[in-house]
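Got chain A; can you put chain B on it based on the hints?
From first to last, the protein sequence lines stand for chains A and B. Just so we're aligned: 73 in the numbering used here is position 73 of the first sequence, and the numbers increase by one with no gaps anywhere. In the numbering used here, each residue's number is its place in the second sequence (first place is 1) plus 91.
Hints are computed from structural coordinates only; laboratory data are not their basis. Among the clues, some could well be false.
Label pairs and their computed distance ranges (CB to CB) [as the list claims (entries may be wrong)]:
# : chain 1 : residue 1 : chain 2 : residue 2 : range
1 : A       : L3        : B       : K103      : 55 to 63 Å
2 : B       : R221      : A       : W39       : 31 to 39 Å
3 : B       : P358      : A       : K79       : 24 to 32 Å
If you only want the chain A side, here are some residues facing chain B, beta carbon under 8 Å, derived [as the list claims (entries may be wrong)]:
# : residue
4 : A19
5 : D37
6 : V52
7 : N58
Restricting the straight-line Cα-Cα distance to at most 20 Å, the calculated cross-link-like pairs of lysine to any residue (SDA-like) are [what the hints assert, rightly or not]:
#  : chain 1 : residue 1 : chain 2 : residue 2
8  : A       : K50       : B       : K324
9  : B       : K324      : B       : S446
10 : B       : K399      : A       : I78
11 : A       : K18       : B       : P436
Cβ atoms here follow ideal geometry from the backbone N, Cα and C, with glycine treated the same way.
Here is how the chains run, residue by residue.
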Amino acid sequence: MFLINCPYCGERDQQEFKAGGEAHIERPKQPTELSDDEWAEYLFMRKNIKGVQFERWNHAHGCRKWFNMVRDTSNDEIKAIYKMGEKPPSQ
Amino acid sequence: MRNKYSVFSLIKNALSYHENWQRVWKDPTPKKEYDAVIVGGGGHGLATAYYLAKKHNMNNIAVVEKGWIGGGNTGRNTTIIRSNYLWDASAGLYDHALKIWEGLSQELNYNVMFSQRGVMNLAHNLQDVRDLKRRTHANRLNGIDAVYLSTEEVKKFCPIINTSPDIRYPVLGGTLQRRAGTARHDAVAWGYARGADAMGVDIIQNCEVKGIKRNGDSVEGIETTKGFIKTKKVGVVAAGHSSVIANMAGLRLPLESKPLQALVSEPVKPIIDTVVMSNAVHAYVSQSDKGELVIGAGTDDYVSYTQKGSHQIVEGTLNAILELYPIFSRMRMLRQWGGIVDICPDASPILSKTSIKGLYFNCGWGTGGFKATPGSGDLFAHTIANDEPHKLNAAFNLNRFVSGDLVDEHGAAAVAH
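Bound conformation, chain A alone (with noise of 0.2 Å):
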């Protein structure tokens, strides 16, 4: 359990939020030109980093925007807040 500053609403309870997994998997372009290794690789294989891991969050119970978090799953401590769409800091 810990704070999470949303970039929209402020700090708020980790409750107030859903984990939305691993960030900055990119949907494929071609979806039919996938052979079925690269569809398992994009629907079910993760990094699932013990250390500073990149993962998208959802305010479910605040304002409902999605947006980007660094946090470090080895102590949960949280590095960075980012937008959608803007840059990851320094990956």
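Chain B alone, transformed into the frame defined by chain A:
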């Protein structure tokens, strides 16, 4: 040679004030090379080593564990054992484990305190009723004991449940698997460790894997905090840390690691002599032999390796517990903890070869791996020894995420995720 535990050894050691018990396992330094190395000294890893030695005559093997054996999810779960899963593949896998549980204490000469006290799953809405009836039929077609109970039968089997129709989520019925129950989690790890050690397996604790050495598409060995260990076969049984090990080998897995919480109360006199689970309101409870209520909560929805969880998850579970069991309203909780569970998209495990020769993964057990410990070890040992899966774990291969042949067990997995 191990001394056999018996009533006579107990009396003999009592006479010397229990000061002369033999060490249960050795504390070896790693050899330079092994025929196989198991990464992860939890129940599943130790069971894998035990069956590799016992059934496949692979005695020159080691188990490496970054902490102490059984100190991860083996020591953190709510010890529920059952096999009432929906699909044929899962029924085969989990009932294989349950059948081994039934004779495990005798086989290991170690009391794992397996108690077939029954597991009851409750239905709280019409969809639950339909799903549980379907699952009961599926179980019986697979030769797994299951009965559907009416609300009155639920009340008769476990009288402390509040079956009043005016509660927020009334009990509309339930299923019962009588062969299901609980076991003592630590004893399972210790019993397998003792058995494996007696057959020559090296159990190396405080030894963390730092890298996997590959030669092209084959495994050559592992880098550890105790030096390099050469081996052609590596079986990874690292639960929540499976992805961390996979990343070392340049593999990606379809897993997300999340905290799952549990808690126990102060010990009280026997009040609940079975295990009751409810998916819909997310509450499950049993009572340990010490008298503590053992309560399982849910997972958080974000990836975390912290072995903590969010407070509201526990609060939600306790709300449901209190509604179902008003008698517990003044119980005090003693301890709460989290374990990191590796969750697969289809809520089924992976026991599989990988694209790298000699590298095997046993992971993705998510929120319900303890029940499968003996079966998982047996089948994974078969997979490693023969470089081919056993027919019971063939469906649980890594390739199912490519072929689409998933084993969707979200309904039977008990913890919603």
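Okay, the hints, checked on the actual structure:
Between L3(A) and K103(B), the C-beta spacing of about 60 Å keeps the proposed range 55 to 63 Å intact. Between R221(B) and W39(A) the C-beta distance comes to about 32 Å, which sits within the given range of 31 to 39 Å. Under the hint 24 to 32 Å, the C-beta atoms of P358(B) and K79(A), about 43 Å apart, miss the expected range. For A19(A), the suggested interface contact is upheld, since its CB lies about 4 Å from the closest CB of chain B, less than 8 Å.
For D37(A), the interface hint holds, the least distance from its beta-carbon to any beta-carbon of chain B being 6 Å, beneath 8 Å. The interface hint given for V52(A) is broken, as the beta carbon of that residue sits about 12 Å from the closest beta carbon of chain B, more than 8 Å. This hint is violated: N58(A) has a C-beta 10 Å from the nearest C-beta of chain B, more than the 8 Å allowed. For the hint pairing K50(A) with K324(B), the CA-to-CA distance comes to about 25 Å; that exceeds 20 Å, so the pair is violated.
In summary, the hint linking K324(B) to S446(B) is supported, as the alpha carbons are separated by about 13 Å, within the 20 Å threshold. The hinted pair formed by K399(B) and I78(A) meets the criterion: a straight-line CA distance of about 16 Å does not exceed 20 Å. Our distance criterion of 20 Å between C-alpha atoms is met by K18(A) and P436(B), whose separation comes to about 18 Å.
When the structure is compared with the earlier hints, violations turn up for hints 3, 6, 7, 8 and for no others.
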